[in-house]
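Enquirer: Now for the letters of each chain:
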Amino acid sequence: GIQVEQSPPDLILQEGANSTLRCNFSDSVNNLQWFHQNPWGQLINLFYIPSGTKQNGRLSATTVATERYSLLYISSSQTTDSGVYFCAGAYNQGGKLIFGQGTELSVKP
Amino acid sequence: GAVVSQHPSRVICKSGTSVKIECRSLDFQATTMFWYRQFPKQSLMLMATSNEGSKATYEQGVEKDKFLINHASLTLSTLTVTSAHPEDSSFYICSATGTGDVNTDTQYFGPGTRLTVL
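Chains as they are written, first to last, in our numbering: chain V, 1 to 109; chain G, 1 to 118.
What the hints contain is simulated information worked out from the structure, not anything from laboratory work. It should be emphasised that the depicted structure is a prediction, and the values quoted were computed from it without experimental measurement. In this text, a Cβ means the ideal position worked out from N, Cα and C, and glycines have one as well. Fair warning: there could be bad hints in the mix.
[Stated by the list, open to error] Listed next, the stretches of chain G that the computed footprint assigns to chain V, with coverage defined by at least 3 CB atoms under 8 Å from CB atoms of chain V:
id, stretch
1, 39-48
2, 106-115
[Stated by the list, open to error] Derived EDC-like pairs (lysine to aspartate or glutamate); straight-line CA-CA distance at most 20 Å:
id, chain 1, residue 1, chain 2, residue 2
3, G, Lys55, G, Glu22
4, G, Lys20, G, Asp105
5, G, Lys41, V, Glu104
6, V, Lys108, V, Glu15
7, G, Lys64, G, Asp105
8, V, Lys54, V, Glu67
9, G, Lys66, G, Glu22
10, G, Lys64, G, Glu87
11, V, Lys54, G, Glu22
12, G, Lys41, V, Glu5
13, G, Lys64, G, Asp88
14, G, Lys20, G, Asp88
15, G, Lys41, V, Asp10
16, G, Lys66, G, Glu87
17, G, Lys41, V, Glu67
Take these sequences, add in the hints, and give me the full structure.
Expert: Take a look at the structure:
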């Protein structure tokens, strides 16, 4: 099955800094999603991005499907960005997702 | 749009009792629902996939007689943890994909249910 690896596992930033989170997957996927899990456990959809680049405010994501990786960019980080960021992939669109181990981000004021 | 709710948000029960967790899609029809379990400081592990009106498909290592899943309608799936034991204490999260005014390829997640078995 698909294996999903995320890096780095932990990241501490000063407010205002930029960061890049990486997700590598072992096999071709037709579905890739990025999530933010807030301190209360809620998973928030950030991007559905099996390929290409998308932007939403201070966040953007790029997936290079042929090279089996995806990147999540966070610019001008804020304390509310703290939490765990997960990427997850699936063979099929709408199919079961395999999650990476997450990147725990802490943004200090 | 694409709101998924779970109830209860938190439950504490005694060992040996059964607990039912509800997962509802509030503004779309959930053709497929997924149940995950997450232990502290760990990732989400898929437990089972359910399609409306059919039996759930369980992941390897998940006891189907212990974790009963019912997906009786296009807006409701339930997970019942039978004869719960302390090792079943965890954060249970459901998600759904569906039709309507949603991205049909995206899973939308509920807020989770924290189960503590004493």
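Enquirer: If a hint holds in the structure, say so; if it doesn't, say that too.
Expert: Each hint tested on the structure:
no., hint, result
1, 39-48, "holds (count 5)"
2, 106-115, "holds (count 7)"
3, G:Lys55 x G:Glu22, "holds (17 Å)"
4, G:Lys20 x G:Asp105, "violated (28 Å)"
5, G:Lys41 x V:Glu104, "holds (9 Å)"
6, V:Lys108 x V:Glu15, "holds (6 Å)"
7, G:Lys64 x G:Asp105, "violated (26 Å)"
8, V:Lys54 x V:Glu67, "holds (18 Å)"
9, G:Lys66 x G:Glu22, "holds (16 Å)"
10, G:Lys64 x G:Glu87, "holds (16 Å)"
11, V:Lys54 x G:Glu22, "violated (33 Å)"
12, G:Lys41 x V:Glu5, "holds (16 Å)"
13, G:Lys64 x G:Asp88, "holds (14 Å)"
14, G:Lys20 x G:Asp88, "holds (13 Å)"
15, G:Lys41 x V:Asp10, "holds (12 Å)"
16, G:Lys66 x G:Glu87, "holds (12 Å)"
17, G:Lys41 x V:Glu67, "violated (29 Å)"
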